[in-house]
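S.K.: Full structure from sequences and hints, please.
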Amino acid sequence: MSLVLNGTTGITNLPSINSGQIGGRRNIVINGEMKVAQRSTSVAGLGAAAGYFTLDRFSIATAASAGRFTMAQIADGPAGFANCLKISTTTADTSIAAGEYLILGQPIEGQNLQQLKKGTASAEQVTVSFYVKGNAAALYVCELFDVDNGRSITQSFAVTTAWNRIELTFAADTSDPLDDDNVASLVLNLFLHGGSDFTGGTFAVNTWNDNTNANRYAVADRTSIYDSTDRTFFITGIQMELGDTATEFEHRSFGEELSLCQRYYTTSYSYGTAAGTATYDGSVKGESYRADRIDICPQFKVVMRAVPTVTIYSPSTGSSGNVYFDHAVNADREAVGSQIGMTGFGSCYRSAGDLSHNGDQHATCQYIAVAEL
Amino acid sequence: MDYQLTTTDVILRLDDNACIPKDESNADYQEYLEWAKTNTPQNEPTPEAIPEKTAEEKLAQIGLTKDELKTLLGVAD
Chain A
1 MSLVLNGTTG ITNLPSINSG QIGGRRNIVI NGEMKVAQRS TSVAGLGAAA
51 GYFTLDRFSI ATAASAGRFT MAQIADGPAG FANCLKISTT TADTSIAAGE
101 YLILGQPIEG QNLQQLKKGT ASAEQVTVSF YVKGNAAALY VCELFDVDNG
151 RSITQSFAVT TAWNRIELTF AADTSDPLDD DNVASLVLNL FLHGGSDFTG
201 GTFAVNTWND NTNANRYAVA DRTSIYDSTD RTFFITGIQM ELGDTATEFE
251 HRSFGEELSL CQRYYTTSYS YGTAAGTATY DGSVKGESYR ADRIDICPQF
301 KVVMRAVPTV TIYSPSTGSS GNVYFDHAVN ADREAVGSQI GMTGFGSCYR
351 SAGDLSHNGD QHATCQYIAV AEL
Chain B
1 MDYQLTTTDV ILRLDDNACI PKDESNADYQ EYLEWAKTNT PQNEPTPEAI
51 PEKTAEEKLA QIGLTKDELK TLLGVAD
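So the sequences go chain by chain: A and B.
Residues in the first sequence are numbered consecutively from 1, following the numbering used here.
Residues in the second sequence are numbered consecutively from 1, following the numbering used here.
Treat the hints with caution; some may be incorrect.
Straight-line distance between alpha carbons at most 30 Å, and here's what the computed DSBU-like set of lysine-lysine pairs gives [to be verified]:
1. A:K301 to A:K285
2. B:K22 to A:K285
3. B:K37 to A:K285
4. B:K58 to A:K301
5. A:K285 to B:K70
Note that these hints are calculated values from the structure, not bench results.
Owing to the predicted nature of the structure, the values given are computational and were not obtained by experimental measurement.
M.R.: Pasting the structure below:
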């Protein structure tokens with residue numbers, strides 16, 4: 001049957017383009033094009049601790065392994081993509097303990113997922129797509145993990161030495177709705193390594209189940225990214241959208257992507273300047289009329305997801321937990337941020353150290369504010 | 001990981017001097033609450049006493065010297 005375009009009746013014989021959103025904002029993932037790296041573009045020696053290290057919104061979850069890796073934003077990608085995230089193993093770990101795992105993930109707020117209609121009779125399928133390559137053939141697992149209800153769904157994907165687009169359509173889940181709030185409801189996970197606590201069960205392909213850890217990375221012929229120091233993993237163009245079709249990647253401008261990321265991490269430093277750098281560029285200034293209080297009251301660029309954790313730095317020395325007094329004292333003074341809200345913080349208080357400057361000081365600081373999931 | 005109470009409305013994470021607000025949606029505060037189930041944070045430091053300003057310091061604060069003040073007041077040495 002041919003597609004018919006008719007000036008009176010419109011388009012006919014077109015059963016489906018995609019059951020999800022056709023135009024406008026489709027990609028639920030933030031920074032899927034690997035454009036924004038506010039913290040750093042490269043960090044070595046990772047693997048011991050979980051957290052956010054380089055590319056915004058992409059977290060590392062890890063436990064127990066002796067394996068170590070470098071995580072970096074590099075200028076590589078398939079046609080149309082300037083950057084990707086690269087993981088390079090620097091310390092191999094072939095003696096895998098039961099509790100080990102390494103997951104690259106992006107947690108997503110529940111209020112940004114209500115269109116999935118999860119937990120209803122009209123729940124939607126979700127399609128995840130991305131471009132990957134590696135140093136050699138490999139097999140990993142992509143997982144949607146429902147944090148609110150402790151459920152998960154998994155599919156494996158293969159990596160080759162050339163860029164390939166992976167397209168994975170996940171089944172709809174008519175059980176257990178996602179909370180409509182500002183905390184993590186769903187995590188898009190990429191399992192790259194796991195011990196028997198995560199591999200000892202039975203791998204379920206594309207089926208929502210109450211979570212059983214032993215099943216999550218139990219796919220046969222799985223790869224451990226820690227199997228060799230030659231091992232690399234490159235990924236970009238991550239998109240998660242409603243429906244059963246992987247549409248073209250939705251490119252966003254750098255400014256749009258940066259604003260989306262600043263909901264979770266923002267800083268007074270210029271883009272590309274690491275926290276703790278000794279620089280006045282972008283610093284915020286105020287006055288101290290009392291010995292214990294400094295009226296530095298910065299407003300964040302966007303409203304943050306939650307009341308953030310704030311770290312202040314001296315612009316003179318880069319020392320954390322300090323502001324710089326540049327009138328008469330000309331030195332760092334210990335301080336803590338206070339009256340922190342989702343839009344800024346109200347002041348800094350000097351709760352420790354030498355309070356003998358008698359107030360009346362110009363004060364300057366840099367800051368980072370973190371409201372990650 | 002270690003934490004310290006402060007005289008303000010935040011908890012100080014001593015590893016990196018991060019100021020953690022007491023907000024249930026903040027992941028660092030959740031981590032602190034877990035930690036505090038089996039650990040005790042350090043007490044807030046006692047601020048040092050603030051010395052009273054000397055007359056000279058008060059003058060300097062408004063940008064006057066002793067001699068200028070004397071001139072203004074018509075007071076001879």
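S.K.: Look at each hint and say if it fits the structure.
M.R.: Hint check:
{"no.": "1", "hint": "A:K301 to A:K285", "verdict": "16 Å, holds"}
{"no.": "2", "hint": "B:K22 to A:K285", "verdict": "25 Å, holds"}
{"no.": "3", "hint": "B:K37 to A:K285", "verdict": "38 Å, violated"}
{"no.": "4", "hint": "B:K58 to A:K301", "verdict": "39 Å, violated"}
{"no.": "5", "hint": "A:K285 to B:K70", "verdict": "35 Å, violated"}
In summary, the structure is inconsistent with hints 3, 4 and 5 from the numbered list given earlier, while agreeing with the others.
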